[in-house]
Structure formats: C-alpha cells, structure tokens
Amino acid sequence: MAERYDAPKREKHWQDVWERQGLFQAAEDDPRPKYYVLEMFPYPSGRIHMGHVRNYTMGDVVARYMRAKGHNVLHPMGWDAFGLPAENAAIERGIHPAKWTYDNIATMRGQLKSMGLSIDWSREIATCDLDYYHQQQKLFLDLFKAGLVDRKTRKVNWDPVDQTVLANEQVIDGRGWRSGALIEQREQPEWVFKITDYAQDLLDALNGLERWPDKVKLMQANWIGRSEGLTIRFETISAPRDHDVIEVFTTRPDTLFGASFMAIAPDHPLAKAVAEKNPAAAAFIAECHHHGTSAAEIETQEKKGFDTGVRVAHPTINDATLPVYIANFIVMEYGTGAIFGCPAHDQRDLEFARAYGLPVLPVVLPPDADPKAFTIGGEAYTGGGTLFNSSFLDWLGVEAAKQAMAEYLAKKKVNGRPQGVRKTEYRLRDWGISRQRYWGCPIPMIHCEKCGMVPVPEKDLPVRLPDDVSFDVPGNPLDRHPTWKHVACPTCGGPATRETDTMDTFVDSSWYFARFCSPHANEPTDSNAVGYWLPVDQYIGGVEHAILHLLYARFFTRAMHKTGHVSVDEPFGGLFTQGMVTHETYKDSQGKWLLPEEVTRREGKAMHAKTGEPVSVGSVESMSKSKKNVVDPDDIIQAYGADTARWFMLSDTPPERDIEWTEAGVDGAHRFLQRFWRLIGEVDARAPKEAAKPGGFGPEAESLRRASHRAVANVTTALEKLRFNTAVAQIYELANALSAGLQTSGLQPSEDMRYALREAAELLVRISAPMMPHLAEESWAMLGHTTLVAEEPWPAPEKALLQEDTVTIAVQVNGKRRDELTIARDAAKEDIEAAALKLDNVVRAIGGRKIKKVVVVPQRIVNVVA
RNA sequence: GCGGACGUGGUGGAACUGGUAGACACACAGGACUUAAAAUCCUGAGGGGGAAACCCCGUCCGGGUUCGACUCCCGGCGUCCGCACCA
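Residue numbers (my numbering): 1 to 866.
Please note that a few of the clues may not be correct.
Pair by pair, the computed Cβ-Cβ distance ranges are [what the hints assert, rightly or not]: (1) Asp634 x Arg93: 19 to 29 Å; (2) Arg657 x Asp479: 38 to 48 Å; (3) Ala296 x Leu182: 15 to 25 Å; (4) Arg671 x Ile851: 27 to 37 Å; (5) Ser616 x Thr726: 35 to 45 Å.
Below 27 Å or equal to it, Euclidean Cα-Cα: the simulated DSS-like pairs (lysine-lysine) are [said to hold, decoys possible]: (6) Lys138 x Lys69; (7) Lys605 x Lys592; (8) Lys138 x Lys152; (9) Lys423 x Lys459; (10) Lys587 x Lys562; (11) Lys99 x Lys69; (12) Lys69 x Lys12; (13) Lys853 x Lys816; (14) Lys850 x Lys838; (15) Lys155 x Lys12; (16) Lys99 x Lys625.
In short, the hints are calculated from the structure, not lab data. Just so it is clear, CB atoms sit at the ideal spot from N, CA and C, and this is done for glycine as well.
Using the sequences and the hints, build the whole thing.
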C-alpha cells in the first residue's frame with residue numbers, strides 16, 4: 001500500500017505550531033515596511049460557504065507572500081454581525097439575535113481557523129460587540145457636530161399587516177414576503193449622512209485610485225452620476241394655488257422645441273395638490289404607491305400616466321401649451337421630480353407618448369438624414385446631429401443648441417427670475433442610515449418636545465441595546481419596549497424619548513478596517529495605529545460590493561478625516577474583486593432541489609445516491625441555499641484537508657471570474673498534493689542534503705535549473721498581479737520538470753543532478769507555500785529543515801538562468817505561419833531575414849512570387865509579404 | 001428600464017504593450033505495473049484531409065483597420081452582476 005499524506009492530521013499540527021509561535025501577530029513597532037491586507041469580513045450567517053473559502057484563500061496568499069517579501073503584515077478578521085437575518089431567526093425560531101449571532105461566530109471562527117489562514121486573531125472584532133458600537137456612536141456624534149448628519153423624508157416599503165418596513169428584497173411582486181399583504185409606499189423622516197456633500201470629491205478622487213479595477217471606478221462614477229444641464233421654470237395655466245411655476249431639470253434643453261408633454265412624479269407637490277380635488281388622480285397615485293420603492297421595479301413597470309388637466313406654457317413657442325401628466329416612471333428623488341417629455345429623442349418619453357397619443361416631433365436630424373423624410377418609428381433617436389424644426393436653434397449642432405437655449409432662457413424672466421438656470425445635478429442621494437429594527441447600532445439621539453433633536457452626551461454613551469426584547473408581535477421591539485426609550489432630555493431635563501431607529505449595517509462596515517488597527521482602544525481609532533497601517537494596501541471582496549459598500553466606506557473615511565479620526569481620505573489603496581463560486585443544480589423527478597452530495601453519477605447519468613432514481617442536471621449557478629447547490633467547506637476540509645480546498649480555489653479559473661466547484665476538480669487538486677508530497681520524498685531520498693555546489697552542470701541539470709528559476713520568476717510576477725491561476729500553472733510545470741528529472745537521473749543521480757533536484761524541490765516548496773501552507777511546511781521539514789517555511793524569505797531567481805541564448809520565432813508568409821526559425825537571441829534583423837527566406841517551407845509558400853516586403857520583429861516574428 | 005462586465009478545444013482556462021492560438025489542468029483514450037481493481041507512471045489528442053511531408057478551417061456572429069487581430073474599431077447575439085432597507 002502506497003504511503004499517503006494525511007492532510008487533516010498534519011494541518012492541525014502546523015496550525016498549532018504557527019499559533020504557538022504567534023507568527024501572525026502584527027505590531028506597529030517594526031522596522032519592516034507595513035502591508036495591510038484585508039478581505040471583506042463575513043456576515044455570520046451560520047457556517048462559512050465556498051465564497052468565503054475563495055475570498056480568504058486569496059487574501060491569505062497575499063498575506064503570506066508579502067510576509068515572505070519582508071513586510072510587516074496586518075491581516076485581521078472580524079464579523080459584520082448586525083443585520084436582518086438575526087431578527088428573522090428570532091421571529092422564526094425564537095432565538096435571541098445575540099445568541100444566534102455569537103453562536104454562529106463561534107462556529108465560523110472554528111471553520112476559518114481550520115483553513116490555516118495567517119490571521120492575527122488577537123484583533124478579532126464583531127460589530128455587535130458593545131465596545132464596537134459604542135465607538136461607532138461616538139463617531140456618529142462627531143459627524144453630527146461636523147454637520148454631516150441630517151434628517152430627511154424618504155420613501156419606504158410598508159407592510160400594513162406586519163406593521164414593519166420591508167427591505168426591497170422582502171418585497172415580492174408588490175407584496176410582503178411574510179404576510180403577503182399588498183405593500184404601501186410610505187414617507188417617513190429618517191437620519192441621513194450627507195454623502196452628497198462629497199459627490200464631486202468622491203468622483204474626482206477615483207482618478208487617483210490606480211490599483212482599483214477600472215470597471216469599479218466606472219460603476220462608481222456612473223452611480224454618482226454627475227450631469228450638467230438646465231433647470232427650466234414652466235408657467236402653469238389653471239393650476240392649483242401656489243403652483244404657478246413647475247421646475248424641471250433637463251440635460252437636453254436643445255430638444256425643447258420637440259417637447260409634447262410634462263411628467264411629474266406621483267409624490268410631486270403638484271400631484272398631491274391635484275389629488276386633493278380629483279379622486280381619480282388620488283386613485284392613480286395610490287396605485288403607484290402599491291409598487292415597491294426599488295429603481296428596478298419602478299423602471300420596468302409598464303409606463304402609465306394620468307392627465308392632471310393642468311397645462312404649462314411652452315417656454316419658446318408662443319401660445320403653445322403642454323399637458324402635465326403624473327407618471328409612474330418619474331421619481332421625486334432625482335432632479336426636481338418633473339421632466340418635459342421629448343418623445344422623438346428619449347426612449348421612455350417615446351413609449352409614453354405612443355401610449356397616450358401625444359405628438360412626436362423630431363428636432364435633431366442625424367448626420368446625412370433628409371429633413372423632409374426623417375421620422376421617428378419605434379425607436380427614439382438619441383445621437384448627435386443638427387437641430388431642425390426648432391426656430392432659432394435650427395442648423396446648430398446639439399452642443400451649440402444646448403448653449404444657445406441656456407443663454408436664451410437665462411435672459412427670459414418668469415416671475416422676475418430667469419426662466420432657465422444652469423445646474424449640475426448628481427444622481428447620488430444622501431445616505432439614509434435609519435432602520436426600524438432592533439439588531440443594529442442604536443442612533444444616539446433623543447427627541448424632546450421642547451428642545452427638538454438632542455444628541456446623547458458622550459458621557460452617557462453607550463446607548464445599549466436592551467436584552468429583554470420579544471419578537472412575537474409585529475413592529476420594532478425598541479419602540480414598544482416598556483422602559484428603554486424613555487429618558488430625561490439632556491438639555492432641559494424634561495421627559496423625552498430615545499431615537500428607536502438603529503443604523504444601517506453599512507455604517508458598521510464603513511470603518512471596521514480602521515478599528516482593526518487598534519481594536520481595543522478607548523476611542524474609535526488610535527492615531528498612531530491608523531497613521532501607521534492605513535490605507536489598506538490590498539482589499540479583496542466580491543464585486544457585488546463594487547458600489548454601495550465601497551462608496552460608503554470612501555465617504556465615511558473622509559468624514560472620519562474631517563472629524564480627526566484618521567489622516568487619509570481613501571481607505572483602500574488597492575482593490576480586487578473576486579468572482580463567485582458556482583455549482584451545477586439538481587432536481588429529482590418531483591422537481592425538488594437536491595444537494596450535490598445526494599447525487600451520484602453512474603455511466604455518465606446522474607441519479608439519486610440512495611434511491612437510484614434519475615436526477616435532472618440543471619444549469620450552473622451561484623451557490624445558494626434555495627437551490628441547494630451548496631458544498632460545505634467543512635466536509636471538504638475534513639475529507640481532503642484545507643490545502644486541497646485552497647489549491648482548487650486558486651487553480652484554473654482567473655480569480656475575478658466565477659469558478660465552478662466540481663467533484664472532479666477537487667479530486668484533481670488533491671491528487672496533485674499527494675504527488676507533490678511523494679516527489680519531495682523522492683528527492684530527499686535520492687538527493688540528500690549536501691553543501692557544495694558542483695563546479696559545472698550537464699545539460700539535464702542545467703535545464704532543470706532553468707525550469708526552477710523560471711518558475712520562481714513567473715510565480716513571483718503572477719502573485720504580484722494576483723494571477724493565482726497562472727501561478728498554479730507554473731508550479732505544475734516545475735513539478736513536471738522535477739518529476740522528469742527524477743525519472744531520467746535514476747536512483748543514483750550524478751552530483752550535478754543531485755544539486756539541481758534538491759534546488760528544484762526547495763524552490764518548489766517555497767513558492768508553493770503561500771498557496772498550500774501546510775503541505776509546504778511538511779515538505780520543508782521532510783527536506784531536513786528545522787526552520788518554518790512560513791518564515792523563509794521569498795526566493796530570488798538567478799538572472800543568468802532566465803535568459804536563453806537562442807530564440808525560436810515564427811515565420812509567416814502573408815500572415816500565415818509557415819515555419820519557425822531558431823536563431824541567436826541577439827541576431828541582427830538582416831540575418832534573421834536572410835535565414836527566414838532560406839527555409840524550405842517559406843520558399844514553397846512564396847511560390848516564386850515577388851517579395852513586396854519583409855517585416856522582421858526581432859525575438860518575435862518574421863512576416864514575408866509576397 | 002438604466003449601469004457594468006464576460007464569451008477561446010469535450011471542460012476550466014493560457015497567450016506580456018497587435019506578433020507561433022490552445023501553456024497548465026480536468027475529463028477522455030491507449031500502454032506499463034497488478035491475479036484483478038484502485039492508486040501510480042508513460043503516451044496521445046482543436047476540427048477536417050493525407051501513408052507522410054504538408055494543406056484547409058478555427059478564439060460567439062457579421063463587417064472594418066493592419067504586413068499581421070483572441071487582442072483595436074463599428075453593428076448584432078448570448079450569459080452574468082448591481083440598481084440605494086440582503087450583506
């Protein structure tokens with residue numbers, strides 16, 4: 001029976017060794033350059049999933065690599081521990097959110113530790129720890145003092161049966177997920193952070209984020225959504241009182257002559273005023289309010305409108321009027337909540353116009369189009385061109401027409417003010433942080449009838465969540481708690497009530513990276529610690545956080561800078577967004593989802609492992625509990641060991657792309673680790689440790705040495721770029737070369753081969769160590785070392801072994817490869833050309849034709865054009 | 001609907017700044033070892049034609065730029081992610 005590497009057992013051993021030596025504990029007083037690597041911290045949902053394994057493996061490779069490169073590495077871990085699922089568990093299973101959360105944390109901490117991550121566990125924090133949210137309340141008060149906190153009315157999804165605000169994901173087809181009740185949009189006052197104060201700065205600073213993916217920067221820029229345009233004041237005709245002007249914001253003032261209607265949001269003050277007198281309008285608005293508040297839902301609805309009967313005067317066409325509709329696709333949150341519709345040049349306006357029989361007049365003529373024949377069919381024309389049908393704008397370009405219209409309307413007065421004013425708008429809205437929930441950080445404010453909103457004095461912090469709460473009745477437990485919210489007003493001493501809203505969990509995750517620098521400080525941050533560690537050098541997480549979390553964290557860091565808690569504006573110097581983990585889906589004959597472990601394959605057919613019934617194999621999708629296509633990392637780690645799971649996660653698929661978890665792939669990864677272990681054992685047996693380097697090397701030893709040093713160089717560059725899959729391929733190549741070397745040199749290798757084999761094995765172990773740290777330690781020890789490979793410096797390749805004297809380049813004739821040429825690396829252009837033209841295949845391909853041109857790119861290619 | 005990405009053999013993917021497409025791996029096939037199987041080791045392979053040398057086709061589809069395009073440009077198709085109270 002062949003000997004095998006008992007991964008689970010040995011992994012535990014090496015983890016204990018690392019822990020005993022405190023290898024991964026970071027301190028600020030260290031002469032080495034600092035390096036802060038952070039993966040997005042997990043939500044403690046119960047058990048870790050494969051997405052976590054992938055995320056934390058990548059971060060750990062970076063941490064271990066940078067440590068070997070001589071950096072003082074900070075690599076901490078914590079828990080994003082407040083949030084909705086804990087309350088759901090409380091409602092569904094009667095478990096207190098705190099118990100549920102801390103139990104989950106205990107389980108998941110154990111699971112993460114079994115992965116062998118090089119984490120400084122002494123810095124562990126959970127956002128639901130009293131100490132953490134105490135510090136967060138201090139930050140809130142400082143932001144309040146700095147004028148970055150405000151109160152605004154916002155729309156929420158209200159479930160009238162459960163008497164609770166619903167998250168967008170809890171609204172399904174306009175109904176509450178638990179109650180099934182038709183939801184209502186409701187306006188309520190909430191606390192907001194004034195992120196819009198920083199809109200321009202957040203946009204401008206994207207340019208400086210050189211180590212962020214372009215796509216994330218682009219998404220953030222679009223999200224901030226700066227647009228330059230014009231607010232236009234339209235005079236109304238026969239409108240309710242106080243509504244003699246309606247303001248619209250537009251980025252296309254050039255198309256004003258093509259306007260055929262005005263549309264206002266269902267929540268626009270004019271709409272409300274109309275509804276007071278008109279029951280049909282009120283009914284239409286009510287109908288709009290039975291839809292969810294999410295943008296996706298609003299914008300995919302069928303476009304509907306209600307003619308208010310109000311008319312507005314066209315600003316530039318005498319005696320022309322436009323009807324004013326209340327429309328379900330206009331939102332109050334953007335611009336002024338009102339638009340003018342130009343159907344010919346906006347797709348949404350066109351669909352609306354077609355539905356309500358409104359005129360469609362083109363005013364922008366595409367280049368080369370015939371002004372007499374050009375009409376709009378089913379598609380609006382949104383491109384450039386010249387204006388026509390537009391009076392004084394005729395034959396101007398789109399940009400010139402925008403300017404001309406802006407100047408014209410600036411001079412025209414409505415009620416004594418200019419009719420048009422240039423305006424820069426941002427799509428970005430202020431960040432609403434109020435949540436009507438129990439399991440979050442209490443907002444430290446007090447409502448006093450006499451004094452208004454009063455911040456809780458710092459000496460009275462923390463505002464602690466009460467433990468004695470129940471979830472058996474609808475509503476917010478904080479609001480109905482018998483005593484918790486009743487306090488004396490800090491200003492006047494009279495009776496007052498606490499704010500019962502808690503903070504959005506995005507607040508918690510907007511500064512945890514700063515807290516990791518000094519997790520036990522009595523203030524939110526310690527200036528020495530954050531000054532030393534921040535910004536995070538490499539941040540790694542899912543692309544689903546590309547906008548919200550990352551933008552909030554960027555804002556919050558600026559806010560903390562302004563209030564003196566940190567000295568940087570940007571929290572994350574480098575960002576990497578990894579792909580998801582996917583798996584096939586399975587259903588049985590009744591259409592019930594099956595777990596992968598319940599499915600087996602025989603002769604290529606999928607069947608139920610126990611009953612043998614046929615199973616239908618569905619599409620490959622992101623692992624989710626609802627579709628049961630999940631594999632538990634614990635099972636994998638227990639059966640194969642952590643290194644196998646880690647190795648699989650890094651192999652083959654580029655880290656930014658989705659990876660498909662397959663049984664076969666895991667088996668393959670595991671087989672390689674076994675082979676690796678055997679190879680090292682073989683080398684140790686045949687090429688014992690010895691000091692002297694031989695005077696010279698034969699061709700075989702030389703070639704193995706080249707392979708070794710090439711692998712070191714290539715793995716180094718791959719890891720620098722986080723190209724883990726190509727690093728893995730390089731390691732396979734070296735393992736293959738080492739294997740071939742053992743094969744050809746036999747049981748008693750020559751002296752030079754003994755050196756080359758041992759060198760190859762040692763380098764192989766060292767460059768694999770960040771990715772499979774346990775097996776690397778085991779192998780390092782097998783090779784007779786008493787040090788830890790985790791403490792070895794990263795190897796540097798010998799430059800002389802990386803350069804080849806000759807290169808092989810392709811020779812093309814008319815762009816088709818016909819032969820190849822091996823020639824001295826530094827051969828002159830003329831020599832390469834001459835040699836290429838002599839090749840039989842090239843001569844034949846030219847076929848006696850006249851040579852028009854020969855392109856020679858030294859070390860790359862020759863192309864003969866004939 | 002809006003915004004962002006991705007698309008290469010049976011499969012995951014490689015290919016630096018436009019220069020030999022398919023490295024490396026998985027699956028597969030053949031061979032060695034074995035009483036046998038597993039494990040392991042060796043060999044093969046994009047598709048088509050040919051005994052071979054070699055030839056033709058080939059990076060989602062259709063155009064374009066170039067001596068040369070997986071790579072750049074224009075237009076399609078398909079898949080995935082985000083959309084502000086999931087985290």
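So, going through the hints one by one against the coordinates:
Evaluation of the 19 to 29 Å hint for Asp634 and Arg93 yields a pass: the beta carbon distance comes to about 22 Å. The hinted window of 38 to 48 Å between Arg657 and Asp479 holds, with their beta carbons roughly 46 Å apart. For Ala296 and Leu182, the Cβ-Cβ distance of about 19 Å falls inside the hinted range of 15 to 25 Å, so the restraint holds. Distance hint for Arg671 and Ile851: a CB-CB separation of about 53 Å, inconsistent with the stated range 27 to 37 Å.
Between Ser616 and Thr726 the C-beta distance comes to about 36 Å, which sits within the given range of 35 to 45 Å. Proximity of Lys138 to Lys69 is assessed by CA-CA distance (about 38 Å); at most 27 Å being required, the pair is judged violated. Proposed proximity of Lys605 and Lys592 is supported: the alpha carbons are some 18 Å apart, at most 27 Å. In summary, the hint linking Lys138 to Lys152 is supported, as the alpha carbons are separated by about 22 Å, within the 27 Å threshold.
A hinted pair counts as satisfied when its Cα atoms are at most 27 Å apart, and Lys423 with Lys459 does not qualify at roughly 44 Å. The hinted pair formed by Lys587 and Lys562 fails the criterion: a straight-line CA distance of about 55 Å is larger than 27 Å. A hinted pair counts as satisfied when its Cα atoms are at most 27 Å apart, and Lys99 with Lys69 does not qualify at roughly 42 Å. Restraint check for Lys69 and Lys12: satisfied, since their Cα atoms lie roughly 26 Å apart, inside the 27 Å limit.
Distance hint between Lys853 and Lys816 is fulfilled; the C-alpha atoms sit about 15 Å from each other, no more than 27 Å. Our distance criterion of 27 Å between C-alpha atoms is met by Lys850 and Lys838, whose separation comes to about 15 Å. As the CA atoms of Lys155 and Lys12 are separated by approximately 52 Å, the hinted pair breaks the 27 Å bound. At most 27 Å may separate the alpha-carbon atoms for a hinted pair to count; Lys99 and Lys625 meet this at roughly 22 Å.
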